[in-house]
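Q: Sequence:
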Amino acid sequence: MDQARRLRAINDAHPTTIAFASGKGGVGKTNVCVNTAIALAELGKRVLIVDFDIGMANVHILMNAMKSRTMIETVKARIPLAAAVQKNVYGVDILHGGSGQDQLVHLSDDDMQFLMRELEVLTEYDYVLFDMGAGATDTSLQFIAGCDEMFLILTPEPTSLMDGYAYTKLVHHQYPDLPLGVIVNRAQSGEEALQCFERMEVACKQFLNKTIRFLGFLPDDSSVRKAVIAQIPFYQYNRKSDISWRLERILTTLTGTPPKPRHLMDRLMGNLRKQWNRV
1182 MDQARRLRAI NDAHPTTIAF ASGKGGVGKT NVCVNTAIAL AELGKRVLIV DFDIGMANVH
1242 ILMNAMKSRT MIETVKARIP LAAAVQKNVY GVDILHGGSG QDQLVHLSDD DMQFLMRELE
1302 VLTEYDYVLF DMGAGATDTS LQFIAGCDEM FLILTPEPTS LMDGYAYTKL VHHQYPDLPL
1362 GVIVNRAQSG EEALQCFERM EVACKQFLNK TIRFLGFLPD DSSVRKAVIA QIPFYQYNRK
1422 SDISWRLERI LTTLTGTPPK PRHLMDRLMG NLRKQWNRV
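With the sequence shown counted from 1, adding 1181 to any position gets you this note's numbering.
Simulated from the structure, these hints should not be mistaken for laboratory data. Heads up, the beta-carbon is just placed ideally off N, CA and C, and yes, glycines get one too. Heads up, a few of these hints could be off.
[Said to hold, decoys possible] Here are the simulated DSSO-like pairs of lysine-lysine, each with C-alpha atoms no more than 27 Å apart in a straight line: (1) Lys-1421 x Lys-1226; (2) Lys-1407 x Lys-1268; (3) Lys-1391 x Lys-1268.
[Claimed, not checked] Computed beta-carbon distance windows for the label pairs: (4) Gln-1412 x Ala-1347: 29 to 35 Å; (5) Thr-1436 x Gly-1371: 34 to 40 Å; (6) Lys-1421 x Glu-1372: 19 to 25 Å; (7) Gln-1355 x Gln-1294: 18 to 24 Å; (8) Gln-1387 x Asp-1291: 39 to 45 Å; (9) Gly-1207 x Asp-1291: 18 to 24 Å; (10) Lys-1268 x Asp-1292: 21 to 27 Å; (11) His-1354 x Asp-1329: 17 to 23 Å; (12) Asp-1291 x Arg-1420: 43 to 49 Å; (13) Asp-1307 x Lys-1386: 29 to 35 Å.
Starting from the given sequences, assemble the full structure and let the hints guide the process.
A: Below is the structure:
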């Protein structure tokens, strides 16, 4: 049984699995994944983040978490994968992929077989979010193919769109039935986000005959930079920020739970902050 089929078998047992991917680095993919996980956990969901950005894993940095044994280390030592799961960081469990010297380690066929058997640990969760590395490898593509859906993170820049389309084309040619959702990050407005998505949608329909769906957008919010510096996920750093509220709207697509309405004063303060930032 290949890796994608094994992962699909795990999906059938329980969790919703989502691969967070991007065609290029620097679009905020890990930040979106981490905060989505935390927001889901606050809805009472059991959530695991698998930091699959082997060699550049940084989920623990954004969450200011002590990095435990990595997935690479447990596989190479044939230690149960559960030993590498870090529990209850902002209500979320983390499975670290590996970083630093681990980027020089390659997984053999035997390693992959062991890893896929050990991934049964995922069945105890409601949601498993895979933070994939930018770009694609044979291993990462097999994990993406086994997920319920891929969330492609874009920004409005032309380079993000071009690389995002190239990534989508690669995945689609190998796994044409995989559902694809798009989140536009760092948008200046809803209109800009929608224009970005529509350009991707037209390209996918015209050249790939593929339908994609718009999950929502996250605004270019100054609180994100402050949160990253503080090593606090933005959803925890400022729950009343525009980006936190927009994230809750995206979660509505996932869970059916409507976002909490913002009070009048929250909306007024948000508008005042936007005006002040323009000055």
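Q: For His-1354 and Asp-1329, compare the CB-CB distance with the range 17 to 23 Å and indicate the outcome.
A: 20 Å, holds
Q: Between Lys-1421 and Lys-1226, does the CA-CA distance stay at or below 27 Å?
A: 21 Å, holds
Q: Using the beta carbons of Thr-1436 and Gly-1371, state whether their distance is inside 34 to 40 Å or not.
A: Taking Cβ atoms as reference, Thr-1436 and Gly-1371 lie about 21 Å apart, which means the hint is violated.
Q: Taking 21 to 27 Å as the stated bounds, is the beta-carbon spacing between Lys-1268 and Asp-1292 within them?
A: 25 Å, holds
Q: Against the range 19 to 25 Å, how does the distance between the Cβ atoms of Lys-1421 and Glu-1372 compare: consistent or not?
A: 23 Å, holds
Q: If you draw a straight line from the CA of Lys-1391 to the CA of Lys-1268, is it 27 Å or shorter?
A: 38 Å, violated
Q: That 29 to 35 Å hint for Gln-1412 and Ala-1347 (C-beta), does it hold up?
A: Holds - the Cβ-Cβ distance for Gln-1412 and Ala-1347, about 32 Å, lies within 29 to 35 Å.
Q: Is 29 to 35 Å respected by the C-beta to C-beta distance linking Asp-1307 and Lys-1386?
A: 33 Å, holds
Q: Go ahead and decide if the range 43 to 49 Å is satisfied by the Cβ distance of Asp-1291 to Arg-1420.
A: Since Asp-1291 and Arg-1420 have Cβ atoms about 46 Å apart, the given range 43 to 49 Å holds.
Q: Taking only the CA atoms, is the gap from Lys-1407 to Lys-1268 under or equal to 27 Å?
A: Holds. Lys-1407 to Lys-1268 sits at ~25 Å (cutoff 27 Å).
Q: At the C-beta level, are Gly-1207 and Asp-1291 separated by a distance inside 18 to 24 Å?
A: 35 Å, violated
Q: Okay, Gln-1387 versus Asp-1291 on CB: inside 39 to 45 Å?
A: 43 Å, holds
Checked against the numbered hints above, the structure breaks hints 3, 5 and 9 and satisfies the rest.
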